[in-house]
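Asker: Sequence:
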Amino acid sequence: MEKIYFIVNPNAKNGSCREIWRNIEIELEKLGIAYIAFFTEYPGHAQELAESLARKADGKPAVIAAVGGDGTLHEVVNGTVSYSNITVGFIPGGSGNDFSRGFEIPKKAVHALRLIVDTSNGCTSEIDIGKIQHNELQESYFMNNMGVGFDAAVAKDSNESRMKKLLNRFSLGRLVYVYILVKKLLTFRTIPIEVTVDGKVYKFSNAWFVTVSNQPYYGGGMKIAPAALPDDGILDITVVHRISRLKLLLVFVSVFWGKHTMFREVEQFTGKSITIESTAEVLAHADGEAIGHTPLKIQACPKALKIRSGKNNPGHTEELKIHDCH
202 MEKIYFIVNP
212 NAKNGSCREI
222 WRNIEIELEK
232 LGIAYIAFFT
242 EYPGHAQELA
252 ESLARKADGK
262 PAVIAAVGGD
272 GTLHEVVNGT
282 VSYSNITVGF
292 IPGGSGNDFS
302 RGFEIPKKAV
312 HALRLIVDTS
322 NGCTSEIDIG
332 KIQHNELQES
342 YFMNNMGVGF
352 DAAVAKDSNE
362 SRMKKLLNRF
372 SLGRLVYVYI
382 LVKKLLTFRT
392 IPIEVTVDGK
402 VYKFSNAWFV
412 TVSNQPYYGG
422 GMKIAPAALP
432 DDGILDITVV
442 HRISRLKLLL
452 VFVSVFWGKH
462 TMFREVEQFT
472 GKSITIESTA
482 EVLAHADGEA
492 IGHTPLKIQA
502 CPKALKIRSG
512 KNNPGHTEEL
522 KIHDCH
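Residue numbers (this note's numbering): 202 to 527.
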């Protein structure tokens, strides 16, 4: 059996992830599973730990499981993406957990654990990820989605909000996204953005946001890209532009059911190579974490990540040519 490592964010969901980890420890002891656990101490620490563990595995198969929210998993993915011997697991312990929605990972920690330690219950899937090039030197990866504009501003303010900590006490942390969204809706100014998809240029003079998705969900359950498949070798792009504030609110209400695509102000594209540019710097996020500003280059990396999930196949079974994205 592969070595199993856990990277735990004890502060996830306002500290309730500590209790989640205690339950996991009890279950691991019952099952007699050998493991090593590490606890994050600051932002970026999960990525450092994951990369160090992947490097020390020295090419031998190992599982590195994130215990926390999508932000913790985002860091673990970025730390392991260059190591093909590593399989990533996830035990949801955050407030959004969009990754677990997209890959049928149970909300209950002990059930999610079974997917990691018992391959007869779960399976190893190869999924796409997106690579973001911020400038000539800096790169990062996302497994759910990335975006620029309004949704990046909402994500940043949500992560920094004191209200998120309060709502997390009542397991309502994802509602802070809705609260910040409505608040930001009153002050955000639209921006001119140019999006290039596989060489074709699209110009939007009054854009609210551009989101690039690898799977359907973001923002704590919003189905932003209903048709997105995480193993089809392409990314789904959603652009919302030239829309009133009131109508945008209706878009965000309908997005939970994936019905926002019926609005003419919502445009969608698919592609492998995307560039997002603007006349002024616009805030960007990856998996809900602030990563910098435009201009950005995004590339689909087919089947670049191995994960333990509850699906035999997260998308479809068509064989895809693997591109080197590292």
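Worth double-checking, as some hints may not be accurate.
Lysine-lysine pairs mimicking DSS-like chemistry, simulated, CA-CA at most 27 angstroms apart [what the hints assert, rightly or not]:
#1 473 / 448
#2 460 / 204
#3 261 / 357
#4 308 / 507
#5 257 / 357
#6 257 / 507
#7 204 / 504
#8 385 / 404
#9 385 / 357
#10 401 / 473
#11 357 / 204
#12 507 / 448
It is worth saying that the hints were derived from the structure and are not from the lab.
Asker: Now look at each hint and say whether the structure bears it out.
Answerer: Going through the hints against the structure:
no.: 1; hint: 473 / 448; in the structure: violated (30 angstroms)
no.: 2; hint: 460 / 204; in the structure: violated (43 angstroms)
no.: 3; hint: 261 / 357; in the structure: violated (37 angstroms)
no.: 4; hint: 308 / 507; in the structure: holds (20 angstroms)
no.: 5; hint: 257 / 357; in the structure: violated (34 angstroms)
no.: 6; hint: 257 / 507; in the structure: holds (18 angstroms)
no.: 7; hint: 204 / 504; in the structure: holds (22 angstroms)
no.: 8; hint: 385 / 404; in the structure: holds (24 angstroms)
no.: 9; hint: 385 / 357; in the structure: holds (11 angstroms)
no.: 10; hint: 401 / 473; in the structure: holds (12 angstroms)
no.: 11; hint: 357 / 204; in the structure: violated (35 angstroms)
no.: 12; hint: 507 / 448; in the structure: violated (40 angstroms)
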